[in-house]
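S.K.: This is what each chain is made of:
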Amino acid sequence: MVKTLLKSVREYKRASLITPVFMVLEVVCECLIPLMMSKMLAGNAPMGQILKYGGIMLLLACLSLTCGILGGRFAAIASCGFAKNLRKDLFYAVQGFSFKDVDKFSTSSLVTRLTTDVTNVQNSYQMCLRIVIRVPLTFIFSVVMSLSINWKLALVFVLILPFLATVLFTLMRKVMPFFRRIFKKYDALNNSVQENVGGIRVVKSFVREDYETQKFDRAASEVRNDFTRAEKMLALTSPTMMLAMYLSSMLITFIGARMIVSTGSWVDNAIVGPLVPSQLSAVITYGVQMLSSMMMLSMIVVMLTMSLESARRITEVLKQKSDLVSPENGLTEVKDGSIRFENVNFKYSERAEKYALSNIDLEIKSGETVGILGGTGSSKTSLIQLIPRLYDATDGAVYVGGENVKNYELDTLRKEVSVVLQKNVLFSGTIKENLRWGNPEATDDELERVCKLAQAHEFVSAFPDGYDTYIEQGGTNVSGGQKQRLCIARALLRKPKILILDDSTSAVDTKTDALIRKAFKEEIPDTTKIIIAQRVASVEHADKILVMEGGRIAAMGTHAELMQTSAIYRETYEMQTKKNAEEGGENE
Amino acid sequence: MKQPGAKRGMPIPKGAIKKGTMKRLLKYVFKYYKKHLIVVFICLILSAAGGLVSSVFMQQNIDKVITPGVQNGFDSVKGVLVKNLVIMGSVYLIALVSTFLYNRIMATVTQGVLYHFRKDMFEKMQTLPIKYFDTHAHGEIMSTYTNDTDAVRQLVGQSIPTLFSSTLTLVVAVSVMLTYSFIMTGVFFLCVILMAFAVKKIGGRSGRFMVAQQRSLAIEEGFVEEMMKGQKVVKVFTHEEAAKHDFDKLNEQLYSDARNAHIFGNILGPILGNIGNFTYVLLAICGGLLLVSGIPNLGFSSIAAGLQPITLGFVIPFLGMSRRSTQAVNEMSHQVSMIAMGLAGTSRVFALMDEQPEQDEGYVTLVNAEKDENGNITEAEKHTGLWAWRHYHKADGTVTYTELKGDIVLDQVDFGYVPEKQVLTDVTLYARPGQKIAFVGATGAGKTTITNLINRFYDIADGKIRYDGININKISKKDLRRSLGIVLQDTNLFTGTVMENIRYGRLDATDEECIAAAELANADDFIRRLPDGYNTMLTNNGANLSQGQRQLLSIARAAVADAPAMILDEATSSIDTRTEALVNDGMDKLMKGRTVFVIAHRLSTVRNSDAIMVLDHGRIIERGTHEQLIEQKGVYYQLYTGAFELE
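Protein chains in written order, with the numbering used here: chain A, 20 to 607; chain B, 155 to 801.
Worth flagging that the hints you see were computed from the coordinates, not collected in a lab. This structure is a prediction, so every number in the text was calculated from the model and none was measured. Built from N, CA and C at the ideal position, the CB exists for glycine as well. Warning: the hint list may mix true and false statements.
[As the list claims (entries may be wrong)] So the derived list for chain B, only partly shown, Cβ under 8 angstroms to chain A, looks like this:
(1) Ala261
(2) Phe287
(3) Thr289
(4) Ile373
(5) Glu375
(6) Gln385
(7) Phe401
(8) Tyr612
(9) Ala615
(10) Pro718
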């Protein structure tokens with residue numbers, strides 16, 4: 020996992036390697052400074068001694084400052100750069116996803132991975148570069164220094180350390196699972212807010228404000244209780260640390276005082292001997308450093324384990340390898356708009372019990388108009404998604420322009436097979452920008468032409484800003500029907516050989532719907548058109564109509580043929596038009 | 155749901171801090187945790203004092219124990235040493251206990267404050283008008299609960315206490331320093347001024363970049379969210395490369411802001427730390443000079459004891475204390491940018507709490523009712539299937555009951571989501587009890603808007619709406635809405651079992667009643683085929699169901715609510731025609747005896763309505779039964795037959 024992540028360091032490797040070097044130097048200086056302090060004030064601290072060691076100390080401080088600044092700078096560059104590359108790799112990975120992969124991850128989870136999770140990993144990375152090296156080093160240095168000053172005194176700290184370590188790490192081990200559970204509850208809490216905000220009309224319509232508040236209150240209380248419990252446990256850490264610190268400094272004061280008194284002598288108004296008071300305070304300073312680096316270490320362990328979960332979530336996306344990729348030297352031209360399904364079976368995942376499509380054999384000639392009807396869940400959408408290779412057929416093969424779809428470059432295939440998805444979206448930006456997704460080089464005249472075809476020109480021109488009207492995120496400032504027509508125009512701009520409309524006119528009124536179909540027939544006669552619809556009227560005049568049921572083609576033929584042969588078709592047709600006929604047949 | 159094209163509200167931009175936020179936050183915290191905070195305050199003082207005490211004792215030990223000890227032998231000072239250690243131990247013990255208490259109490263306070271914040275926010279949010287939700291991006295609202303609340307946690311749990319305890323340490327240290335030596339304290343002050351200057355310069359820049367980083371992060375997050383939502387469209391249009399290109403630009407910007415914020419944040423520590431070292435040396439030299447020169451020492455303690463020259467026993471602990479103090483300044487400096495971010499988050503949280511709630515001056519309420527043989531209406535305890543409006547007359551203090559029949563009248567109603575743009579003009583319609591009224595018209599003609607007015611999601615600009623003869627402004631909103639069942643085009647299901655989702659319609663409905671409702675909506679069949687039947691967990695707005703199945707569930711939910719009147723907004727748009735026939739059958743049963751407003755694109759759905767209103771640009775241009783409208787050969791006729799006429 021860590022290896023996968025570290026691949027994203029790339030150009031920031033230098034900064035990442037150089038940071039610890041500066042950190043080491045900084046630590047060395049920092050650890051020498053207390054020693055200089057003690058030397059400076061040793062004995063009765065004559066001025067010459069103060070100036071000498073004070074000078075050294077200042078030099079050390081300057082060096083430490085330089086290293087600290089450089090180290091901090093490189094750490095910032097390295098960690099922010101690493102985060103940048105991680106976000107980039109994640110985003111690129113998602114761009115390489117197949118539809119199947121997209122189905123697997125929800126939007127919000129991908130967004131969290133790209134933001135919060137990356138930030139967590141970034142912080143841990145910076146911490147690793149700066150502190151993880153620093154802490155053990157400070158620790159070792161302090162031990163060495165204090166032992167060298169007076170090993171007998173330093174022994175007190177060394178003895179008290181295991182006690183502190185045991186308590187701290189036991190505590191952390193106890194608290195960790197708590198936090199993991201809290202994060203889950205926290206997610207649930209946020210989820211409930213999200214649902215409430217999204218469904219606020221339902222909440223208000225059913226007057227469920229109080230109920231929702233109670234529900235939220237329960238979730239919030241749970242988070243509060245668990246969090247308080249965990250933090251109360253953590254509240255033991257600093258008193259433990261203090262206990263160790265105070266206990267040892269008292270012991271050292273006692274032993275040290277005794278030692279100085281029994282071995283030292285009074286010469287020239289100062290104490291001389293194997294141990295002097297200034298050394299005593301230096302030992303205490305190093306000891307405190309030792310203990311606090313131990314505490315830091317335990318905190319780091321906790322923080323790193325917490326960010327492990329984030330790291331795992333990121334690697335999950337990075338490692339997701341799409342099984343749907345362009346072949347090497349794929350074909351870059353589609354001959355015509357003919358389509359053939361040969362004995363196709365399809366299911367969405369290997370584990371699925373039921374096939375979404377079974378035994379599909381189908382032949383569509385280039386330029387034909389094909390209608391597809393069928394109930395919800397009859398796999399109409401699954402069928403057409405195999406044509407631009409949004410999914411791969413499980414068995415059998417799909418041919419476009421006489422070639423297996425797997426032999427085409429994906430870009431080529433998808434450019435020639437343009438799908439207007441059922442769940443379609445417009446992006447924030449002007450109408451022009453949205454349309455140009457279909458073809459970045461399209462001229463304004465072309466934009467207008469396709470909009471006329473899709474019956475969108477009229478309403479677009481009615482906007483004050485016309486084609487420069489800004490579409491809000493999710494297309495919220497145009498109506499459902501307008502959105503659908505813009506999506507159709509966008510798809511037309513690709514000048515595809517095959518155009519597929521997946522229930523793309525459901526929000527468009529019948530009249531406009533008919534106008535769109537008429538325009539298709541007259542203006543793009545050579546394009547193969549596949550239309551999935553609920554209304555029989557939308558497909559009635561197609562060259563061929565498929566009736567889908569339970570993942571199979573239940574019937575196929577022209578309107579007249581199906582009226583004879585398919586009970587489902589006839590039933591649907593009659594249900595939608597029966598009363599017209601009764602009312603005097605003014606339609607025929 | 156359709157957005158009424160209203161202008162975005164004016165959210166507080168990222169990073170802005172409203173004046174008085176800190177005061178309000180402290181007041182809020184004090185409201186709930188006054189006693190706790192007093193204890194915390196005492197604990198903080200005690201532990202700050204404890205932290206400093208070691209330096210004081212060091213001086214005591216050197217001057218009173220070690221120095222005389224070396225001269226006169228250990229036994230002569232043993233008593234003093236033990237006495238000192240005992241005092242030291244007790245001070246430490248107090249510091250230790252108070253730190254422990256402080257940590258524990260702060261855990262309670264911090265989490266408690268967060269809980270109250272969340273609760274207040276959510277409660278407030280439930281009272282806000284639909285307009286608020288239409289004019290604020292949902293991501294933005296969510297961010298108040300996540301990022302901003304997190305910022306509050308940081309502020310209350312960490313930044314403020316740290317700031318407070320560091321200040322205390324500083325104050326205590328400085329007062330002890332003053333007892334030792336005025337001159338050295340003066341030198342120390344000079345250094346602190348230098349540190350403050352560094353904090354202002356570097357910390358200020360770090361804070362500015364921090365804010366810039368938050369902004370870039372929000373922009374990138376928005377972009378990513380939009381692209382991820384439209385990922386399938388991106389793929390269909392092979393737009394991946396363009397998306398990557400756009401992303402890279404935003405990502406570079408974020409990198410550059412983040413890097414600058416971190417650089418300045420990272421270097422502040424070493425700079426302050428080394429100013430601390432510098433101070434130390436300076437003070438040592440100063441102390442050395444004082445020692446050598448032997449000039450009388452000025453300090454509170456020495457003033458009391460008569461002016462003596464300074465001793466080493468003063469200089470050493472003074473240096474220790476200066477070190478402790480510069481560390482405190484360093485700690486404080488880390489909180490500067492944190493506090494700025496925390497207050498910005500707190501401002502947004504308060505902004506949500508300050509939103510204007512939905513006004514409800516209605517006093518007519520909905521009650522269960524019974525009717526005796528004379529037709530007199532009395533209030534009933536239980537659900538009787540009969541409802542009445544309870545009308546309290548303030549003037550004479552009497553109460554009258556009006557039977558709920560479902561007679562809804564719109565009288566010359568005008569309305570616009572924003573004053574500049576009128577959406578409905580002069581809409582008049584009569585829905586008699588039990589009638590089915592359909593709205594037909596192009597998208598954007600104002601069909602949904604009318605229903606938004608009937609249940610008072612929005613208030614009309616001009617005209618009147620009457621429900622059983624009562625102006626709906628007089629009816630309490632909750633009761634008005636309770637009397638109107640609703641099925642919306644966009645289904646919203648909640649995390650929970652299928653059964654719980656159906657029961658959402660009426661919380662006291664039994665399992666049997668829920669199942670009966672599902673059967674009515676023809677949802678029972680598919681529910682039973684789900685892995686756990688009615689106990690199947692739904693997550694993510696029922697992501698594991700098809701759109702049609704979700705709609706069947708929302709119809710079942712409305713059925714169990716059993717409201718006397720109903721609004722069906724495109725309720726069957728995603729159900730295929732054959733299933734729709736089944737649903738319609740159930741709906742017919744559901745609609746029986748109720749006043750129903752139906753919005754549908756599919757004209758087959760509205761054909762059997764008692765009246766059909768054809769809307770165009772916010773006006774009713776045709777009205778009548780299906781037969782009458784066909785007869786008229788107007789717009790409805792064209793809509794209805796349009797598909798055929800063109801051929």
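S.K.: Please check whether B:Gln385 passes as an interface residue: C-beta within 8 angstroms of a C-beta belonging to chain A.
M.R.: holds, 5 angstroms
S.K.: With a cut-off of 8 angstroms on the beta carbons, see whether B:Glu375 makes it to chain A.
M.R.: holds, 5 angstroms
S.K.: Per the CB criterion, is B:Ala615 less than 8 angstroms away from chain A?
M.R.: violated, 21 angstroms
S.K.: Go through the hint on B:Phe401 and say holds or violated, using the shortest Cβ distance to chain A against 8 angstroms.
M.R.: Hint on B:Phe401: holds, closest Cβ of chain A at ~5 angstroms, below 8 angstroms.
S.K.: Are B:Tyr612 and chain A close enough, Cβ to Cβ, to be under 8 angstroms, as the hint says?
M.R.: violated, 12 angstroms
S.K.: Quick one, is the B:Ala261 hint okay against chain A at 8 angstroms, beta carbons?
M.R.: holds, 4 angstroms
S.K.: Is the interface hint for B:Thr289 satisfied, with its Cβ closer than 8 angstroms to some Cβ of chain A?
M.R.: violated, 11 angstroms
S.K.: Against chain A, with CB atoms and a cut of 8 angstroms, does the hint on B:Ile373 hold up?
M.R.: Constraint on B:Ile373 not satisfied, violated at 11 angstroms.
S.K.: Checking hints one by one. Is B:Phe287 an interface residue toward chain A, by the C-beta closer than 8 angstroms rule?
M.R.: holds, 5 angstroms
S.K.: Double-check B:Pro718 for me: the hint is only fine if its C-beta lies closer than 8 angstroms to a C-beta in chain A.
M.R.: violated, 14 angstroms
In this structure, the earlier hints numbered 3, 4, 8, 9 and 10 are contradicted, and the remaining ones agree with it.
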